[in-house]
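Student: If you want the building blocks of each chain, they are given just below.
There are 2 protein chains.
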Amino acid sequence: MISPNASGLARILPILDWGRRYNRVSLSSDLIAAVIVTIMLIPQSLAYALLAGLPPHMGLYASMLPLLAYALFGTSSALAVGPVAVVSLMSAAAVGALGLSDSAQIAMAAITLAVLSGAVLLIMGALRLGFLANFLSHPVIAGFITASGLLIAVSQLRHILGVEAAGHTLTELLVALAQNIGQLHLPTLAIGAAALGFLFWSRKGLKPLLQRAGLSANAAGIAAKTGPVIAVIGTTLASYLLGLEAAGVAVVGQIPAGLPPLAVPDLDFAMMQSLLGPAILISIIGFVESVSVAQTFAARRRERIAPNQELIALGVANLSSAAAGGLAVTGGFSRSVVNYDAGAATPAAGAYTAVGIALATLLLTPLLYFLPKATLAATIIVAVLSLVDFSILRRAWGYSRADFAAVAATMLLTLGFGVEAGVSAGVGLSILLHLYKTSRPHVAEVGLVEGSEHFRNINRHQVTTTPSTVALRIDESLYFANARYLESLILARVVGDDQLRHVVLMCSAINEIDFSALESLEAINAQLKDMGISLHLSEVKGPVMDRLERSHFLEELSGQVFLSQYDAFCELNGVCVGPRAEDHATAPGKLHIAQ
Amino acid sequence: MISPNASGLARILPILDWGRRYNRVSLSSDLIAAVIVTIMLIPQSLAYALLAGLPPHMGLYASMLPLLAYALFGTSSALAVGPVAVVSLMSAAAVGALGLSDSAQIAMAAITLAVLSGAVLLIMGALRLGFLANFLSHPVIAGFITASGLLIAVSQLRHILGVEAAGHTLTELLVALAQNIGQLHLPTLAIGAAALGFLFWSRKGLKPLLQRAGLSANAAGIAAKTGPVIAVIGTTLASYLLGLEAAGVAVVGQIPAGLPPLAVPDLDFAMMQSLLGPAILISIIGFVESVSVAQTFAARRRERIAPNQELIALGVANLSSAAAGGLAVTGGFSRSVVNYDAGAATPAAGAYTAVGIALATLLLTPLLYFLPKATLAATIIVAVLSLVDFSILRRAWGYSRADFAAVAATMLLTLGFGVEAGVSAGVGLSILLHLYKTSRPHVAEVGLVEGSEHFRNINRHQVTTTPSTVALRIDESLYFANARYLESLILARVVGDDQLRHVVLMCSAINEIDFSALESLEAINAQLKDMGISLHLSEVKGPVMDRLERSHFLEELSGQVFLSQYDAFCELNGVCVGPRAEDHATAPGKLHIAQ
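Residue numbers (the numbering used here), protein chains in the order written: chain A, 23 to 617; chain B, 23 to 617.
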């Protein structure tokens, strides 16, 4: 959405860029998208507040100002910001860990989390730390989302069954459900199962029905997303007419009338300290989810988003959510799909959605009194089960065992120990596995392919080598994690080989040599020198050579630096068998063919 | 020391390998080395126990069994195991953090640390986790050693000045010294300063003196290392003759007579829990120090050491130190130098040293009663100041800012917050900087060098490109940390370029594509397809191609995989300007020369 040539201020406030091109066509597209997203957002915002363990109106409060803030600061034309499932689950876990029982304190903890998350996102944006999100690998994200979806679905079963069951891990939840199954409340189950059944059906069945009723495929597709609204209206009516509240069905109940009063939250320092860790995790997870969605839609429209500006936008969105008494928010996938499909042309669509939610809050809250919580739980279950995708396990297994280990560990730890443990362990394991893989780089001993100037692995190809020279091609950048390995490897190769006079390191795949690796090269050079063996380099890349020239290594190097491995071969052996043989061959050396 | 063809059992018990070749020549070399190392080790073992905040005899107890254990299990012929400065400092910090005041409990905590450290090393060895030591980069080790050396020297000043000054950071130590300087004890200072002066002089001045007295250069060099023993004898005599103990000079005092009783330590579970973290750090630091020393000497003798077997040997050494009531040990640099220079031919030299220390413990302990602690402190100060080397700051700065940041952070945090904070932050920062560097890989847009088949950066060379094709050479393996960056980078390049039809990724420097990067490539492929642009790959390495073939990516790829970038150029543009032009040119395309 942001032009490559946007000016300074417009980079910080992208509305100054796209706002100048805003016209009647954009307005009507944005308005249509806003109406549809508003209808979808009303039940979702209530449901995700419930998921976070908060009063439903906090979901509505989180769906006004944050959308306006994103419209001002955001760079994606399709992203729909607001409460989302995974962030709500993480909020519930973080707030739950504080062990509070007073509902006002619980609400304040959720608001504190939004403040901290907003601050973390703003700081990351200001310091241009968007790259930190890259440390969440795809397998970790996929494992985490699937496990979270499952956890969320199971956590909502209590509202469908009408039993009490608190917990933040799969075991805790299942044990609590099993223990309290005696509390099973049939009227609640009836309404919950009905909503669940309708919602599952509506995902597949509603669109064809609407098409047969004469709607176009696109319109029917969008209208089918209103399933949750139909479920809300239907079960609210049933609840009102059948007097289900009196029968013991939990309903949303009284929602404060009117718009939220804006206030600087009255923060508690000790609470902030305990919530800072979770807030950082929530910020990073929320940012990754949001920026992935935004990037997908930007690519479809050949637009660009600015990840660091997205951090700023989400930061302001969270702070404004807190100011309105709402919970932590981010850009969500499902609503963004609807927003995009409905034709949202600019971030203004979000602003119009905020107005829609404000109108709903002013006018509809009395009607929501009778809405059964079981309906909201059913909405959540159906929404999150679409996130559950165990195929990632099979795909990762087929491609790489290391990636499989990261997915599996993230899933198991998320299910078994909760969201924070899962995602932390996943990130740690990904990094460790990466370091492990690069700590034992592939090193090939290479020889000359006869009739060419190419050098190939002596174990894979028929190549020419000489007993006095060994050429090793290192297929990895050299840095601290593999510096020592290289030392051992080269020593292991040369010890006991008495004919050896030259070791050539072929550096074509080395993109970096850090200070640790430089010291290892110096050690290798000195050790080989003690054995009467010279160390040479070949095919060193420009930037790597530039850096080496800033050290004393090249002065101490016992051998030479050759432009190409072929030059090294010719020079060190005084022979050549390739096409340029006549240029180099001076004295015939001993050659033998390795198979 | 271990033969490449050693059998299974001899790999676990290397003595079975080298023991078979043991002869009278090895015996006499080892005996001479053992006598010299024993003389050096007596004051050092007492001093390092003092540094660890323990009674001096615990140093002697740590200098018998561990040396025997290493002789059985170790693979280095020159390594001298025992108490060393850095590990003793880390023990002091770990035990100090427990806040114990009872000296028996403090001793038990140090023994517990040796048990845990032994267990950690054994487990790492059994699981072949020796590579974990690689995650300590050279700058982090150098920064840590220099800062530790400085901390140790300052911490020993209190023994020289005769004042109380406890602390684990530079500030704590300096403040305590300043506050208690009123306690300054002149007789202690006199003896301490004399020892310090003599020791500093002996490092440089003793060897030429001995050479002038007729000793050979080598013998004089070794004999000059006995400076600490001369200082010990001299100050003990002075202390005895002048009655310094009565004058208030702190002396070593009563040492339990006889050899230590062997016992399974009576461990406390809560204490083990609090010491496990520090024990892991001590194990890794100790292992890195030891294996670096072992590797250096092995290379000089064209021998090999087995790092994972070294873990086992050091693990058994620590457990046996604990069983004898000693503190944590590892292979140290300065004694190994002496051992090597004195001609130690096999690990048996260590076993003979153990016998020497046992004899000293049986016979000499009564004589050590009058030894002033100030002398031991002087020994430590002179030894550790040789570890302090601030030139690493300058060298790292000259080579790379990232490495400089790692050195500086490790030094500052070690001095300011203690050894554990320093080394943890250093490791964390090294990993983070590495990930950051590889998260923004160098990507060059390349074009054909006229008259060749080579492709070079369009910004550095005069090359040929065509408007319909962009070729990007990625100078880094693709993995989770840079997968998303690549997506943004390619989108940024193609958005707005309406003539573009082909994107070729030149993969010659890509050594790995992990699952995250695979999914990013799939996303890039899909996004480019939406824009009507084909994605191609060229020069994919064998192992990378093998892996890609295990996914569906190649089936979904909108373009082709070319063996060489030149093939891609010819095929996609239907033109060729290189030496093989006649093979490929079918229809002339539009060419333009980038400068």
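Hints are not guaranteed to be accurate.
Pairs count within a copy or across copies, as identical chains cannot be separated in the list.
To be verified - Okay, derived cross-link-like pairs now, DSS-like style, lysine-lysine, Cα gap no bigger than 30 Å in a straight line: (1) 459 x 563; (2) 226 x 563; (3) 563 x 229; (4) 226 x 551; (5) 551 x 229; (6) 551 x 563; (7) 459 x 229; (8) 226 x 459.
To be clear, the hints were calculated from the coordinates, so they are not data collected in a lab.
Student: For residue 551 vs residue 229, is the C-alpha pair at or below 30 Å within one copy, between two copies, both, or neither?
Tutor: Result: close only across copies, 28 Å inter versus 77 Å intra.
Student: Have a look at residue 459 and residue 229 and pick one of within, between, both or neither, based on CA distance no larger than 30 Å.
Tutor: neither (48 Å within a copy, 49 Å between copies)
Student: Could you figure out if residue 226 and residue 563 sit no more than 30 Å apart (CA to CA) within one copy, between two copies, both or neither?
Tutor: neither (56 Å within a copy, 45 Å between copies)
Student: Cα distance capped at 30 Å. Does residue 226 pair with residue 551 within a copy, between copies, both, or neither?
Tutor: Between copies only: 28 Å across, 73 Å inside.
Student: At most 30 Å between C-alpha atoms: does residue 563 with residue 229 qualify within a copy, between copies, both, or neither?
Tutor: neither (58 Å within a copy, 47 Å between copies)
Student: For residue 551 and residue 563, with the copy left unspecified, which applies at a CA distance of at most 30 Å: within, between, both, or neither?
Tutor: Result: close within a single copy only, 25 Å intra versus 33 Å inter.
Student: At most 30 Å between C-alpha atoms: does residue 226 with residue 459 qualify within a copy, between copies, both, or neither?
Tutor: neither (44 Å within a copy, 46 Å between copies)
Student: Could you figure out if residue 459 and residue 563 sit no more than 30 Å apart (CA to CA) within one copy, between two copies, both or neither?
Tutor: both (23 Å within a copy, 17 Å between copies)
Hint compliance for this structure: hints 2, 3, 7 and 8 are broken, all remaining hints hold.
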